[in-house]
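Asker: In case you want the letters, here they are:
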Amino acid sequence: MKYLPYMLKHLRRNWIRTSTTIVGIAVCVFLFCVLRSVLAAVDYGMQSGNANRLITRHAVGLTQQIPVTYQERIRAVPGVKRVAIANWFNGFLGMPPDYRNFFANFAIDPEEYLDMHPEFVLTPDERTAFITDRRGAVVGKELADKHGWKLGSTFQLESTIPPYRVGKPFDFIVRGIYTADKVKNPGTDLTMMFFHFKYLYEATNQRVGVGTYSLQIEDPKQAPAVAKAIDALFENSDAQTKTETEAQFIAGFFALAGNLALLLNLIGTAVAFTILLVTANTMSMAVRERRKEIAVLKTLGFPSGLVMMLILGEALLIGLLGGGVGLLLGGAMIGAMPQMPMIGDLVRGFPNFGMTWPVASLGLGFALFLSLAAGLIPAVTAFRARITDMLRTV
Amino acid sequence: MSTQNGFGAAVDVQQVRKVYKRDTQEITVLDGISLQVKSGEFVALMGPSGSGKTTLLNLIAGIDRPTSGKLTVAGTDVGSLSEGQLATWRSRNIGFIFQFYNLIPVLSAVENVELPLLLTSLSKSERRNRALLALKIVGLEDRSKHYPRQLSGGQEQRVAIARAIVTDPSVLVADEPTGDLDARSAEEILSLLDTLNTEFKKTIVMVTHDPRAAERAHVQHHLEKGLLKD
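Line by line, the protein sequences give chains A and B. Under the numbering used here, the final residue of the first sequence carries the number 394; numbering is consecutive throughout. Under the numbering used here, the final residue of the second sequence carries the number 230; numbering is consecutive throughout.
Because the hints were derived from the structure by calculation, they are not lab data. A couple of the hints might just be wrong.
What the hints assert, rightly or not - Here are the in silico distance ranges between beta carbons for each label pair: (1) A:Leu320 - B:Asn129: 31 to 39 Å; (2) B:Val19 - A:Ala373: 32 to 40 Å; (3) B:Arg92 - A:Ala373: 50 to 58 Å; (4) A:Trp357 - B:Arg22: 34 to 42 Å; (5) B:His222 - A:Leu320: 52 to 60 Å.
A quick note: this is a predicted structure, and the numbers were derived from the prediction, not measured. Just so you know, even glycine gets a beta-carbon here, dropped at the ideal spot from N, CA and C.
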C-alpha cells in the first residue's frame with residue numbers, strides 16, 4: 001500500500017495517455033458485458049422451452065399459415081396428448097397504436113393451451129372466467145403491473161399483421177393475471193398476453209389460418225419420432241409442416257442472425273485483441289520513457305522484482321479503472337436497451353435480460369487480465385534491464 | 001564511521017578489471033586498477049573521456065560488477081553478492097549523486113527524498129520527518145512541496161543530494177555532480193559536499209572533469225585508458 005501513491009502519481013504523468021488507455025479498456029469491457037449479457041439471456045430463454053412440448057409451423061416459415069383443419073389430424077398422431085393453436089397476433093395498445101409499448105400477445109385455444117402450460121399459474125376462477133368469455137384476456141403479472149390492469153380492466157389491441165386487421169381494434173377484458181413459480185420455472189415470461197383464437201377467427205370471417213400449433217406429447221423421448229410422424233402427414237400437402245421441440249423453435253429465432261454466439265464471440269475477441277495490442281504499446285512507451293527513472297530506482301536499492309511489481313501495479317490500476325468504467329457503461333446500456341428502437345424489440349422478449357454478477361465479475365476479471373498481459377513485457381524488460389545501460393543518455 | 005579492513009579503507013579496489021563485450025569485440029575499460037579510499041576521505045577521480053572513471057565509480061557503487069578482481073566497499077566484498085543482496089546493500093551503504101540529478105518528475109522534492117526510505121520499515125510519518133531533515137541539511141526545507149520542474153538546476157541537485165544522504169549511507173558516490181550547473185550553483189554543491197565530508201564524516205568518491213571541483217578533494221586519482229596514472 002505504501003507504493004500506491006507512487007503508482008497513482010505515475011498514472012497522472014501523462015494523463016491523456018492514461019485516460020485514453022482506460023477508455024480503451026472500458027470499451028472492451030463494455031462490449032464484453034453487453035454481448036455476454038445478450039448471449040446469457042438467449043441461453044436462459046432457450047432453457048425455458050419445455051421438453052415435452054413441440055411446435056408445428058409451416059415448413060417455409062412463420063409468416064406462412066397452416067390450415068385450421070390440421071389440428072384434428074395432428075391430435076390423432078400416436079404420442080400426441082394435446083394440440084392447441086397459438087397465433088402470434090403482434091397487437092399494439094391504444095388508438096392510434098402505441099408502437100413503443102410492445103408486449104407479446106397470442107391468440108390461443110384457451111383450455112388446451114393452459115393445460116399444456118402449467119407454468120402459467122391462474123386461480124381456478126380466473127381460468128374459468130377466461131375460458132367462458134370469448135373477449136377475455138389473460139395477462140402476465142409484470143404486464144398487468146406495468147399498465148395498472150386489474151381483473152375486469154379493459155383495453156384494445158390492433159395488429160400490424162394484415163390478415164388480422166378488421167378495420168377496428170379488438171376489445172379485451174382482463175379475466176386472469178398469471179404468475180409463475182420462479183423456482184420451478186425460472187424462465188417464465190410474465191409480460192405476455194393471451195386471448196381466444198375463436199375471437200380472432202370469427203372477427204376475420206374465418207379467413208385466417210394457424211401460425212403455430214403447440215403440442216404436448218406423452219413421452220419427451222418420443223419427440224423426434226412424433227415430430228417426424230406429424231411432418232410426414234402433410235408432406236404432400238400445399239402447406240407442409242415443420243415440427244420441432246420448443247427449445248429448437250426458440251433457438252431458430254436467434255439462428256436468423258447466423259451463429260449468434262460465434263458472431264458475438266468473434267467480435268468480442270477481435271476488439272479485445274486490438275485493445276490488448278494498444279494497451280501493451282502504451283505500457284511499453286511509458287516504460288521506455290522511464291528508463292532513467294527505473295535505473296534510479298534500482299540504484300537506490302529497489303530490487304528488480306519490486307520495480308517489476310510497480311509497473312505491473314500501474315497496469316493493474318489502469319485495468320481496474322477501465323474495468324470499472326466499462327461496467328458502469330455496460331450496466332447503463334443494458335438498462336437502456338429495452339427502450340431502444342429495434343434493439344428493444346429483440347431484448348424485451350428475454351425474460352431474464354440484465355447484467356448478472358457472473359458477467360460483471362468476468363468483465364472486471366477480463367479487464368485485469370488484459371492490463372496484466374499488456375504490462376507484462378514492459379515489466380519484464382524493466383526487471384532484466386541493466387542499470388548502466390539505462391543510465392546512458394539516449 | 002567504522003572501517004572494517006586492515007587498511008582502514010571504506011573502499012578497497014584490488015586489481016579490478018572490467019571488460020565489455022560488444023558483439024564479437026571485447027573492450028577493456030579498466031585494466032587492473034588498485035586503489036584505496038580511507039574512511040572519511042574525499043576522493044576525486046579524473047581523466048579524459050573513456051578513461052574508465054565512471055565505470056570505476058559504478059563498480060564502487062555496486063551498480064555494475066567487475067570482470068575480475070576484488071572490490072570491498074563499506075566492509076563488503078561487493079563481487080560476492082547476488083543481485084538482490086547487492087540492491088539491499090546499496091540501499092543501506094551507498095548514496096548516489098547523478099550528473100543530471102535524475103529526480104522523479106511526478107514526485108515533489110520531499111517525495112523524491114523519501115524514495116529510498118520506502119525500502120525500510122519506517123512508518124509514513126518517520127519517513128516524512130527524515131526526508132524533511134535531509135532537505136534541511138541541504139537548505140531546501142522550504143521547497144519540500146515543489147516539483148522538480150519548479151526548481152533550479154542547483155536546487156534539483158541539492159534535492160538529489162538529500163535523497164542520497166537520507167538513509168545515512170557511509171559512502172557517497174557522485175558522478176560529475178556539477179557537470180550540468182553554472183559556476184555559482186556548482187560552488188554551492190561543492191560546499192555542500194564539503195560539509196557532508198567534514199561535518200558528517202561521509203566518505204565521498206567523485207568523478208569530475210572540473211579542476212575546481214577536484215581541488216576540494218583530499219586525494220585526486222587520474223585514470224587513463226583504464227589504468228591509474230598516479
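Asker: Hint by hint, work out which the structure violates, then give me just those numbers in ascending order.
Answerer: Hint check: 3, 4 fail, others pass.
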